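S.K.: The chain contents come next:
Protein chains: 2
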Amino acid sequence: MQVVVPFAAESPKTRLESVLSFSEREALARAMLGDVLEAILETGHEPTVVSTARLSPESESDPVTGHADIGTLVDRGVTIEVDDRPLTDAVNTRLTAANGPVAVVMADLALATPDALTKLFATTADVAIAPGLGGGTNALLASHPEFRVDYHGASYLDHCRIAGEIDASLETVDSFRLATDVDEPTDLVELLVHGSERQRALSTLLAFGFDLETTAGRTDLRRVK
Amino acid sequence: MQVVVPFAAESPKTRLESVLSFSEREALARAMLGDVLEAILETGHEPTVVSTARLSPESESDPVTGHADIGTLVDRGVTIEVDDRPLTDAVNTRLTAANGPVAVVMADLALATPDALTKLFATTADVAIAPGLGGGTNALLASHPEFRVDYHGASYLDHCRIAGEIDASLETVDSFRLATDVDEPTDLVELLVHGSERQRALSTLLAFGFDLETTAGRTDLRRVK
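From first to last, the protein sequence lines stand for chains A and B.
Note that this note's numbering has the first sequence beginning at 15, numbered continuously upward.
Note that this note's numbering has the second sequence beginning at 15, numbered continuously upward.
Hint data in this document are derived by calculation from the structure and do not stem from the laboratory.
Wrong hints could be hidden among the right ones.
You can't tell identical chains apart in this list, so a pair holds if it fits in one copy or across any two.
What the hints assert, rightly or not - Calculated pairs, SDA-like style, for lysine to any residue (alpha carbon to alpha carbon, straight line, at most 20 Å):
1) 27 with 167
2) 133 with 186
3) 27 with 97
4) 133 with 185
Fair warning: this is a prediction, and the values are worked out from it, not measured in the lab.
One chain only, chain A, in its complex shape (with noise of 0.2 Å):
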């Protein structure tokens, strides 16, 4: 089984722009898809990153977080492979070339853990989708030669749909962890309450001096420095 982790590098998290800085959002990204390979890697699986641009493998370690860097999962088995193209088009490229199953996971699946993700890689349908809060889809297996991606919109919809089209069977994994996807500052709250301090993602974001505030029986974002 092939595991294909698309990146968006030159543009990362956009939808934090309102919390978080360009270097920070970009620090961030960097720690989700450290956090994402590595919890593959566990699985054991080798995923292959498409990242929209080259990722420079640092040698040492994140200088927030002191955790190693994405170079360092390369020597663990990460390929990684630059392809501007839309995240549909890179994927689909992929889909059509493989001889066998495809994972699609995306990067910024902050909460994924091993065994999360293994509830998706043995299932045994055609089409198994993880669908992401809003209607997305944050992680998916195909096994069907035919299926194809389409990310645009309301993409976990479409996806059943081309299923259905193709005659494949479905299964949908119904799991947290896998439909968290971290776009909003909301979604940073999540990654407070349910974050490994063990992981990169999680410490990147309270070295930013990020933390839980409950007033009122609600639970926000709070940063105190």
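Dock chain B against chain A, hints included.
M.R.: Chain B in isolation, oriented as in the chain A frame:
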């Protein structure tokens, strides 16, 4: 195992008031309660509704959707108790009185399925929690006699802490369906994407004229009548 479903009968879903009238919120809240009870019955358990006010069991089917009313669920094993105390007190009274495991399932888990609930009911830890978005506790199973709830604030983290204080083993249930409680307009998008038309809540929402609108890559809520 006892299964308790707390229900706020008098101030239904106030955070939906920007998109639904009082009577619509009342109808949707009741529809979601009916779906949750039905899903619990299908797991083989007979739930007890703990309602803040009397629920008039109507003998007729729902005028909007044609679904059988909650009154008919009483015939299938649902018990309804009235308890006008705050949520935390009402639940803790049941936990104190119980002789065995108690599950507490929120009444607004419109995407809950028998499979998702079984993931929780089958756990073997002293305390198992299905977190909600934003740090809440959407469902839990307490098998430790000293465990008590505190639903104020980021209750998921509080419940983890309380479990630690009594040396109870803890398990978190990873379910998107159990994580999705319907509180805000964006939650209605989840119901429209993942709900079943055989269920009360989605058919109620469709009868109100709601639909999905997909523009510029995002999925939003639209009301057509």
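S.K.: It remains to establish, for every hint, whether it holds in the given structure.
M.R.: Against the structure, the hints:
1. 27 with 167: Classified as within; 17 Å inside a copy, 28 Å across copies.
2. 133 with 186: Both: 10 Å inside a copy, 15 Å across copies.
3. 27 with 97: Classified as within; 18 Å inside a copy, 46 Å across copies.
4. 133 with 185: both (11 Å within a copy, 17 Å between copies)
Consistency with the previously given hints is maintained throughout, with no hint failing.
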